[in-house]
Structures are given as C-alpha cells and as structure tokens.
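Visitor: Sequence:
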Amino acid sequence: MTPPPDEWSQRSQALAEALARTALGDRAAFRRLYDASRAHLFAVILRIQPDRSRAEDVLQEVYVNVWRAASSFDAAKAQPLTWLTAIARNRAIDSLRRAQTAPATVSLSPDDDEDQPMRDIASTDDEPLQLLQRAGQARAVTGCIGELTAPQQQSLALAFYQGLSHAEVAEQMAQPLGTVKSWVRRALIALKDCLDRAGVASSEEG
60 MTPPPDEWSQ RSQALAEALA RTALGDRAAF RRLYDASRAH LFAVILRIQP DRSRAEDVLQ
120 EVYVNVWRAA SSFDAAKAQP LTWLTAIARN RAIDSLRRAQ TAPATVSLSP DDDEDQPMRD
180 IASTDDEPLQ LLQRAGQARA VTGCIGELTA PQQQSLALAF YQGLSHAEVA EQMAQPLGTV
240 KSWVRRALIA LKDCLDRAGV ASSEEG
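Counted from 1, the sequence shown has number 190 at position 131 by the working numbering; the numbering is strictly sequential.
Certain hints may be false.
What the hints assert, rightly or not - Label-pair ranges, simulated between beta-carbon atoms:
#  : residue 1 : residue 2 : range
1  : R90       : T238      : 30 to 36 Å
2  : A226      : R256      : 29 to 35 Å
3  : R90       : D153      : 37 to 43 Å
4  : N124      : A209      : 18 to 24 Å
5  : R111      : G202      : 18 to 24 Å
6  : R256      : H99       : 37 to 43 Å
7  : G237      : A79       : 21 to 27 Å
8  : G202      : S112      : 36 to 42 Å
9  : A233      : Q69       : 18 to 24 Å
10 : K136      : R256      : 43 to 49 Å
11 : K136      : D255      : 24 to 30 Å
12 : R256      : R86       : 52 to 58 Å
13 : T238      : K136      : 37 to 43 Å
14 : L236      : A98       : 30 to 36 Å
Simulated from the structure, these hints should not be mistaken for laboratory data. We put the beta carbon where it would ideally sit given N, CA and C, even for glycine.
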C-alpha cells in the first residue's frame, strides 16, 4: 500500500511537485524532474536493454512519455519514482521487442561496466548460470542469446538484469506465472546447449 504523500521522503515530494508542474506545461519543472530522476531511470533501462545506444534512445522516449502523460500520475496509487520506473521498464521491454531480430539483444560481456555482473545473480539454476559466469567468450554468449525467442530474452532480462522474481516478471509481462517459469527454464537450457556447442565450457575448463 502506497503511503500518503505527507509521509513521503523529501525527494518523493519534490518529484511529485515537479510532475504536477510538468502536467501544467512547466518546462523548468520538467527539467528538474529530468535532472533528479535521469540517472536512476537510465540504470533501470540498462539492466533490461544493455545496449547503451539503444538505452539512451529509450531514455529519451521515457521522458517524451512523461511530458505527455504527467497529468495521469496518481499519488494515491504510487510514489513518483515508482511510476517513472514503471514507464522506463515498459519502454525498455518494448525496445527489446523491436530489436528481437538483432544478433545480440542482451550483452553479457564481462567488460561492460554498465551491466550487473553475472556472479551477483542468485538462482537455483546453478549449472547454466555458472557456465555463463565462466564464459569469457562474450561473442559466443551474445550469439547464443540472440538464438532465444523474444519472450525468453525479455524474461531473462527482467529476471537477471532487473532482479525481478518470477512472479514479478509474470506481472510485468502480463503472462501466467507458469508460462514465465517455463520461458526462463527453457532459455537457460538453450543457453547451456548453445554454449556447449560453441565450446565455451570446454575452453574454460581445459
């Protein structure tokens, strides 16, 4: 349950005020809103869409959306940053869908400072994730990611980069929980098989 606005932090109250002024067409307030939330929203987008160039485009889409839809913000339903984050997540997922034919939708490069390190991912699917952790051949890994279906890519991105639970992924993607669990499980199996074929595991173990 969302606490009443008078119990929000000063940051939340300032964001809410900026949103309210933005809804009236106040460009200075929109600029304050942008400055106060840009870093957080960009980090959210990068965890789902780690291609930095595409992530920057998504960020611009988010603020265009915010400018147009600021009047729809309802303080009784969500705090400002929660509302903004939901928009960013949805736009990032849309970006993945648009790029589903690209060879590498999700980057797992160990040299990408913007990505959440795979070693920090907690999961019961230890074997395939350990394989991904050991994979130094980023090109092979991203190629295998590109072989997954769009729903598998999206569910993995939300679960592993955004850190959402299966239930949260299901809610975000508007799909049954069992379907999402199946996508994640099959995606991990497909990744393991693909990496095995590419010789990633054997090269790391040898």
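Visitor: Which constraints among the numbered hints does this structure fail? Numbers only, ascending.
Guide: 1, 3, 7, 8, 9, 11, 13
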